[in-house]
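Trainee: Residue strings, one per chain:
There are 2 protein chains.
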Amino acid sequence: MADDHKLILASRVEHTPVFDEEGSLIGHVRDLSIDRTSGQVVYAILSFGGFLGIGKRLHPLPWDILSYNEKQHGYVVGLGKADLASAPHYDADELEGFGGEQHARKHRDIFEYYGTFGPPPI
Amino acid sequence: MADDHKLILASRVEHTPVFDEEGSLIGHVRDLSIDRTSGQVVYAILSFGGFLGIGKRLHPLPWDILSYNEKQHGYVVGLGKADLASAPHYDADELEGFGGEQHARKHRDIFEYYGTFGPPPI
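So the sequence lines, in the order shown, correspond to chains A and B.
full-length UniProt numbering numbers the first residue of the first sequence as 1 and each following residue consecutively.
full-length UniProt numbering numbers the first residue of the second sequence as 1 and each following residue consecutively.
By construction, these hints were calculated from the structure, which means they are not laboratory data.
It should be emphasised that the depicted structure is a prediction, and the values quoted were computed from it without experimental measurement.
A few of these clues could be false.
To be verified - Keeping only pairs whose Cα atoms sit at most 30 angstroms apart, straight-line, the calculated DSSO-like set for lysine-lysine is:
{"id": "1", "chain 1": "B", "residue 1": "Lys6", "chain 2": "A", "residue 2": "Lys6"}
{"id": "2", "chain 1": "A", "residue 1": "Lys56", "chain 2": "B", "residue 2": "Lys6"}
{"id": "3", "chain 1": "A", "residue 1": "Lys6", "chain 2": "B", "residue 2": "Lys106"}
{"id": "4", "chain 1": "B", "residue 1": "Lys106", "chain 2": "B", "residue 2": "Lys71"}
{"id": "5", "chain 1": "B", "residue 1": "Lys81", "chain 2": "B", "residue 2": "Lys106"}
{"id": "6", "chain 1": "A", "residue 1": "Lys71", "chain 2": "A", "residue 2": "Lys81"}
{"id": "7", "chain 1": "A", "residue 1": "Lys106", "chain 2": "B", "residue 2": "Lys71"}
{"id": "8", "chain 1": "B", "residue 1": "Lys6", "chain 2": "A", "residue 2": "Lys71"}
{"id": "9", "chain 1": "A", "residue 1": "Lys81", "chain 2": "A", "residue 2": "Lys56"}
{"id": "10", "chain 1": "A", "residue 1": "Lys106", "chain 2": "A", "residue 2": "Lys81"}
{"id": "11", "chain 1": "A", "residue 1": "Lys71", "chain 2": "A", "residue 2": "Lys106"}
{"id": "12", "chain 1": "A", "residue 1": "Lys6", "chain 2": "A", "residue 2": "Lys71"}
{"id": "13", "chain 1": "B", "residue 1": "Lys6", "chain 2": "A", "residue 2": "Lys106"}
{"id": "14", "chain 1": "B", "residue 1": "Lys6", "chain 2": "B", "residue 2": "Lys71"}
{"id": "15", "chain 1": "A", "residue 1": "Lys56", "chain 2": "A", "residue 2": "Lys71"}
{"id": "16", "chain 1": "A", "residue 1": "Lys6", "chain 2": "B", "residue 2": "Lys56"}
{"id": "17", "chain 1": "B", "residue 1": "Lys56", "chain 2": "B", "residue 2": "Lys71"}
Said to hold, decoys possible - Covered, in the sense of this in silico footprint (three residues per stretch, anywhere, with C-beta under 8 angstroms from a C-beta of chain A), are these stretches of chain B:
{"id": "18", "region": "11-18"}
{"id": "19", "region": "33-41"}
{"id": "20", "region": "63-77"}
{"id": "21", "region": "85-94"}
Said to hold, decoys possible - Incomplete in silico selection of chain B near chain A, CB under 7 angstroms:
{"id": "22", "residue": "Lys6"}
{"id": "23", "residue": "Leu7"}
{"id": "24", "residue": "Leu58"}
Beta carbons are placed, not taken as given, at the ideal position from N, Cα and C, and that holds for glycine.
Let's have the full structure, built from the sequences with the hints guiding it.
Mentor: Right under this line is the structure:
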């Protein structure tokens, strides 16, 4: 509780830039996916793409793989563009409905994909 | 994990109406205050006021005191307008800086105020 700036507003997390492990800008946080009951942020939704011949896509990233970097004023993920290009992504309608019946399978897909890159889910 | 609609987008929580225990609309969720490290939503920021001679104010509500009501399509808090009128509130600049040095005291103020109304903080 004595840490400086321990809390951040969701409205500020949205629009925060996200950089890859080489320091290149790969996208921005578009939204957050929150567990209704516990209030735990499960995913940051990364708006990614517009390069490598990929259009803009929405990638749910497990919250734990984001690391805030003061110098870059943004989040760093330990992934390169190629890793993200192969990552699970969804369209806006699917993300609106996230957490529904099929969520268990998508949740496993996402955490298994990122498991090799970051901490395992709690 | 098998629950329907277990997850909600932050962009949808923002703008969700909030009703008091009598079913009257008291405001809307303006923003969420999130612990940077854990990703836990600590407060929902309620935009409250415009009646009882009170201008619009921003009230951090502990996440746990919000209860989603399907019929009303919004959150219900077990508080009346008078209780909220006396509750800790902050201006937008203060909320931007929430979680800084003085946060420990404000956090205690907020949770002590709402402690009598809802579950104790984790």
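Trainee: Would you mind marking each hint as holding or not holding in the structure?
Mentor: Results of checking the hints against the structure:
1. Distance restraint check for Lys6(B) and Lys6(A): the Cα-Cα separation of roughly 26 angstroms lies within the 30 angstroms cut-off, and the hinted pair is therefore satisfied.
2. Between Lys56(A) and Lys6(B) the alpha-carbon distance is near 26 angstroms, which keeps this suggested pair within the 30 angstroms criterion.
3. Between the alpha carbons of Lys6(A) and Lys106(B) the distance comes to roughly 13 angstroms, so the proposed pair stays at or under 30 angstroms and holds.
4. In summary, the hint linking Lys106(B) to Lys71(B) is not supported, as the alpha carbons are separated by about 34 angstroms, beyond the 30 angstroms threshold.
5. Taken as a hint, the Lys81(B) and Lys106(B) pair is honoured in the structure, with Cα atoms around 21 angstroms apart against an allowance of 30 angstroms.
6. Between Lys71(A) and Lys81(A) the alpha-carbon distance is near 21 angstroms, which keeps this suggested pair within the 30 angstroms criterion.
7. Pair hint Lys106(A) plus Lys71(B) holds up; C-alpha atoms about 29 angstroms apart against a cutoff of 30 angstroms.
8. For the proposed pair Lys6(B) and Lys71(A), the alpha carbon gap of about 35 angstroms is over 30 angstroms, so the pair is violated.
9. Pair hint Lys81(A) plus Lys56(A) holds up; C-alpha atoms about 13 angstroms apart against a cutoff of 30 angstroms.
10. For the hint linking Lys106(A) to Lys81(A), the alpha-carbon distance of about 21 angstroms falls within 30 angstroms, and the restraint holds.
11. Distance hint between Lys71(A) and Lys106(A) is unfulfilled; the C-alpha atoms sit about 34 angstroms from each other, more than 30 angstroms.
12. Restraint check: the Cα-Cα separation between Lys6(A) and Lys71(A) comes to about 17 angstroms, which is no more than 30 angstroms; the hinted pair holds.
13. The suggested pairing of Lys6(B) with Lys106(A) holds, with an alpha-carbon distance near 13 angstroms, which does not exceed 30 angstroms.
14. For a cut-off of 30 angstroms, the pair hint linking Lys6(B) to Lys71(B) stands: about 17 angstroms separates their Cα positions.
15. Our distance criterion of 30 angstroms between C-alpha atoms is met by Lys56(A) and Lys71(A), whose separation comes to about 26 angstroms.
16. At most 30 angstroms may separate the alpha-carbon atoms for a hinted pair to count; Lys6(A) and Lys56(B) meet this at roughly 26 angstroms.
17. Taking the CA atoms of Lys56(B) and Lys71(B), the gap is near 26 angstroms; set against the 30 angstroms cutoff, the hint holds.
18. Interface restraint, the region 11-18 of chain B with chain A: holds (4 residues with C-beta to C-beta distance below 8 angstroms; minimum three).
19. Counting residues of the region 33-41 of chain B whose C-beta lies closer than 8 angstroms to any C-beta of chain A gives 9; at least three are required, and the coverage claim holds.
20. Evaluation of the coverage hint for the region 63-77 of chain B: fulfilled, as 3 residues show C-beta separations to chain A shorter than 8 angstroms, against a requirement of three.
21. Judged by the Cβ-Cβ criterion of 8 angstroms, the region 85-94 of chain B is not covered by chain A as claimed, because only 0 of its residues qualify and three are needed.
22. For the restraint placing Lys6(B) at the interface with chain A, the shortest Cβ-Cβ distance is roughly 4 angstroms, inside the 7 angstroms limit, so the hint holds.
23. Proximity of Leu7(B) to chain A holds as hinted, the smallest CB-CB distance being about 3 angstroms (cut-off 7 angstroms).
24. For Leu58(B), the interface hint is violated, the least distance from its beta-carbon to any beta-carbon of chain A being 11 angstroms, above 7 angstroms.
In summary, the numbered hints that this structure violates are 4, 8, 11, 21, 24.
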